[in-house]
Amino acid sequence: MQAVQILINALVLGSLYACIAIGFSLVWGVLNVINLIHGSFIVLGAYLAFGLYQSLHLSPWYAIVVAAPVFFVFGYIVQRLILNRVITAPVLVTLTLTFGLDLILNNAMIYVFTADYRRLTLIPPLGSVSFEGVVVPVDRLIATATALALTGLLYLLLRRSRVGRAIVAVRLDRDAAVLMGVHVPSIYAVAFGLGAALAGCAGVLMALIFPISPLTSSAYLGKAFVVCVLGGLGSVSGALAGGMLLALVESVGSAFFGPAHATTLSFLLLIIFLILRPQGLVGRKGFE
Amino acid sequence: MLHAWVARCVRLSIPLGIAALASGIQISAASADDVIKIGAPLPITGPLAPEAIKQQQGYNLWAEQANKAGGISVGGKKYKVEIVYTDYQSNTPRAVQATEQLITQNNVNFVFSPFGSGAAKAASTVSEKHKVPTLAATASSSQVYDQGYKYLFGTFTPNDTLTTPLTEMIKAKVPEVKKVAILARNDLFPLAIAQEMEKSAKANGLEVVYFEKYAIGTLDHSATLSSIKAQSPQWIFVTGYTNDLLLVRKQMIDQQMKAPVVSMIAGPAYQEFIDALGKGAENVSSAAWWHPAARYDGKDIFGSTANFVKLFKDKYNAEPDYAHASAALCGALFQIAIEKAGSIDRDKVRDELAKMDVVTFFGPVKFGANGQINSLDPPVFQIQGGKPVVLFPQAIKQGDLKIGLE
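Residue numbers (UniProt numbering), protein chains in the order written: chain F, 1 to 288; chain G, 1 to 406.
Please keep in mind that the hints were generated in silico from the structure rather than gathered at the bench. Even glycine gets a Cβ: it sits at the ideal position worked out from N, Cα and C. Certain hints may be false.
[As the list claims (entries may be wrong)] Incomplete in silico selection of chain F near chain G, CB under 10 Å:
no., residue
1, Gln-5
2, Asn-9
3, Leu-16
4, Ile-87
5, Pro-90
6, Thr-94
7, Leu-97
8, Thr-114
9, Ile-123
10, Glu-132
11, Pro-137
12, His-183
13, Ser-186
14, Met-206
15, Phe-210
16, Pro-211
[Unchecked claim] Output of the computed footprint for chain F on chain G, the stretches with three or more beta carbons under 8 Å from beta carbons of chain F:
no., region
17, 38 to 51
18, 203 to 214
19, 242 to 250
20, 272 to 285
21, 320 to 330
[What the hints assert, rightly or not] Simulated restraints, written as ranges between beta carbons of each label pair:
no., chain 1, residue 1, chain 2, residue 2, range
22, G, Lys-279, F, Ile-82, 45 to 53 Å
23, F, Val-73, G, Asn-106, 57 to 65 Å
24, F, Val-73, G, Lys-129, 49 to 57 Å
25, G, Thr-125, F, Gly-222, 26 to 34 Å
26, F, Thr-96, G, Lys-397, 26 to 34 Å
27, G, Ile-216, F, Thr-114, 16 to 24 Å
28, G, Asp-275, F, Leu-56, 17 to 25 Å
29, F, Leu-95, G, Lys-355, 21 to 29 Å
30, G, Gln-143, F, Arg-85, 46 to 54 Å
31, F, Val-73, G, His-130, 48 to 56 Å
32, F, Ile-82, G, Thr-125, 39 to 47 Å
33, G, Gln-394, F, Ile-104, 51 to 59 Å
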């Protein structure tokens, strides 16, 4: 029964990891920008959920509806005003720029919210469901379902909508997309806005489960990075597969070798993938 | 004409400038004479920031009280107190640099150690090199004091003074406890406490069925908790800092984990642990170096424990915990040592600290040959009705151990 419990823990955690990583993967895949602000966006989303619950008693599932447009606009503006200026520069330049922006945002959060940890405690608590000795907390189940729904929505958006097809087209061949009448700077901004919106929504879900502090942003960013490498850039299913694989390695590794080695194992796996399968599990050229 | 006038002004300004500068030096030297500066390197930003703020509040409360009373009396003359803070951003190598800078550039008279055993040990090398008396408010691991240093003193008793009374109490009061699971943050202090716990459990005939470390920054403990659950221990003992323990306890509730006894060090003494967990904090047992329920009549500036608690509540509108109290105590101990020495000479103050034997609001203070305090019985307590209730020592006992969790 312990094995089933570990497997379920891994599935739940995997979908959360996928949710953390999917916006990061979208931005990296489409814009070729390794967005180091992603972790801080997630934490900011968690603060938004916390603030809305504390002040208006608005549950996190409603907070998602607020977070998505707010973060989209925020991301859109950041891309149009700042990142677009260096988007064609080598990847190191955009990396440095997003690193600097992250330092500013993260320190601003420490200044405004302090480094103290906060918790979003739902009243009444949601409790857990148990079956044959296997226990799953309801908040994690809700977060899992929402994470999967967000992933599905992004997939549909990219496949079915006009703007989604434009994003894929820009990713596949920027010059051809320009010739087809696609306004590339706008598409970049939309993709970055979508990435930010997904990070904000992931933050809302994280607030349901984990404590909130500006200091956790680096942990989320690290997970997003590993998931992207494992799953492969360029597809929604890549993020999902990478998230599941990482969670499985962490959960099983923790049970077998002790929790102290869970992180080591996941980074070992990362190195193996970088050497043997750098494109990841389901990496593709175009993002869809 | 204009040139001549400018040249005259410049010529005149040189001696005037030198005179002004000299008088400025005179003034600053005179004012520096009346101030005792204590350097305090703290992790004001970074992961340890919440702990640093506690220490800072304790130091500031002491400095405020000392200055309100006119300052520290040295041979009939009153010296004001100034604490010089530097932020080492939760990065131990920077704590060492910060300590060096405080001593050599800020010219502090004395030093408060950085937070925790690891950084205190690293920085003690610097203060020992410069022969600066140093008080560590939050270092308990004996490795910090076993370096043979003469200028380092600490106000936390060794780690086993927390785990031994706790184990003996659980063994006496809960005989069904046979199997213990220990989970520790892979960090100097939490790991040292966990190792002491393992030793005291084995010494008391308990079986340690699980002993594992978790990495710093771990957010998800669900797999670990499933492994612990499979061992069905009657006592679950977890170490870490407040955030880790909140996370573990919350995930224990999520997994419907129950055990007759759950102990956590070092979080339950902090009010934010109780506030964040609500009913989940009930019956979690712990031990700490000090508790506001202590009742001591001290010879220090704060006097009684009750007066310290009142002053703290008035200033910060919150209940003090052991970290606040230990920091304030360090200030009070420097004050006692300086006043007894009748001098701010570092060696004389160091000698007074070494032979210190005084009752304070924190309890009796006497340092062992290695500089670590050896005169205290740290309280064992349990969260009951949303409050920490002292179970041991007998002198300040407030209630009896309750078994099971909410």
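Hints, verified against the model:
1. Gln-5: The hint holds - Gln-5 of chain F has a Cβ within 10 Å of chain G, the shortest such distance being about 5 Å.
2. Asn-9: Interface hint status for Asn-9 of chain F: holds (4 Å vs cutoff 10 Å).
3. Leu-16: This hint holds: Leu-16 of chain F lies near chain G, its Cβ roughly 9 Å from the closest one there, short of 10 Å.
4. Ile-87: Status violated, d = 32 Å.
5. Pro-90: 30 Å, violated
6. Thr-94: 26 Å, violated
7. Leu-97: 23 Å, violated
8. Thr-114: 7 Å, holds
9. Ile-123: 9 Å, holds
10. Glu-132: Constraint on Glu-132 of chain F not satisfied, violated at 13 Å.
11. Pro-137: It holds, given that the least Cβ distance between Pro-137 of chain F and chain G is near 4 Å, below 10 Å.
12. His-183: Violated. Min distance 40 Å.
13. Ser-186: It is violated, given that the least Cβ distance between Ser-186 of chain F and chain G is near 36 Å, above 10 Å.
14. Met-206: 9 Å, holds
15. Phe-210: 5 Å, holds
16. Pro-211: Because about 6 Å separates Pro-211 of chain F from the closest Cβ in chain G, which is inside the 10 Å limit, the hint holds.
17. 38 to 51: This one holds; 5 residues, not fewer than the three required, reach chain F with a Cβ under 8 Å.
18. 203 to 214: The restraint on the region 203 to 214 of chain G holds, since 3 of its residues have a Cβ under 8 Å from chain F and three suffice.
19. 242 to 250: The restraint on the region 242 to 250 of chain G holds, since 5 of its residues have a Cβ under 8 Å from chain F and three suffice.
20. 272 to 285: That given contact holds, which follows from 3 residues of the region 272 to 285 of chain G lying within Cβ reach (below 8 Å) of chain F.
21. 320 to 330: With 0 residues close enough to chain F, the hint is violated.
22. G:Lys-279 - F:Ile-82: 45 to 53 Å: Cβ of Lys-279 of chain G to Cβ of Ile-82 of chain F: about 47 Å, so the range 45 to 53 Å holds.
23. F:Val-73 - G:Asn-106: 57 to 65 Å: Given a distance of about 47 Å, which is not inside 57 to 65 Å, the answer is violated.
24. F:Val-73 - G:Lys-129: 49 to 57 Å: 56 Å Cβ-Cβ, so the 49 to 57 Å window holds.
25. G:Thr-125 - F:Gly-222: 26 to 34 Å: 32 Å, holds
26. F:Thr-96 - G:Lys-397: 26 to 34 Å: 59 Å, violated
27. G:Ile-216 - F:Thr-114: 16 to 24 Å: 20 Å, holds
28. G:Asp-275 - F:Leu-56: 17 to 25 Å: Hint holds: Cβ distance 21 Å, inside 17 to 25 Å.
29. F:Leu-95 - G:Lys-355: 21 to 29 Å: Taking Cβ atoms as reference, Leu-95 of chain F and Lys-355 of chain G lie about 58 Å apart, which means the hint is violated.
30. G:Gln-143 - F:Arg-85: 46 to 54 Å: Check passed, 52 Å falls within 46 to 54 Å.
31. F:Val-73 - G:His-130: 48 to 56 Å: 55 Å, holds
32. F:Ile-82 - G:Thr-125: 39 to 47 Å: Given range 39 to 47 Å: holds, Cβ gap about 45 Å.
33. G:Gln-394 - F:Ile-104: 51 to 59 Å: About 55 Å separates the Cβ atoms of Gln-394 of chain G and Ile-104 of chain F, which means 51 to 59 Å holds.
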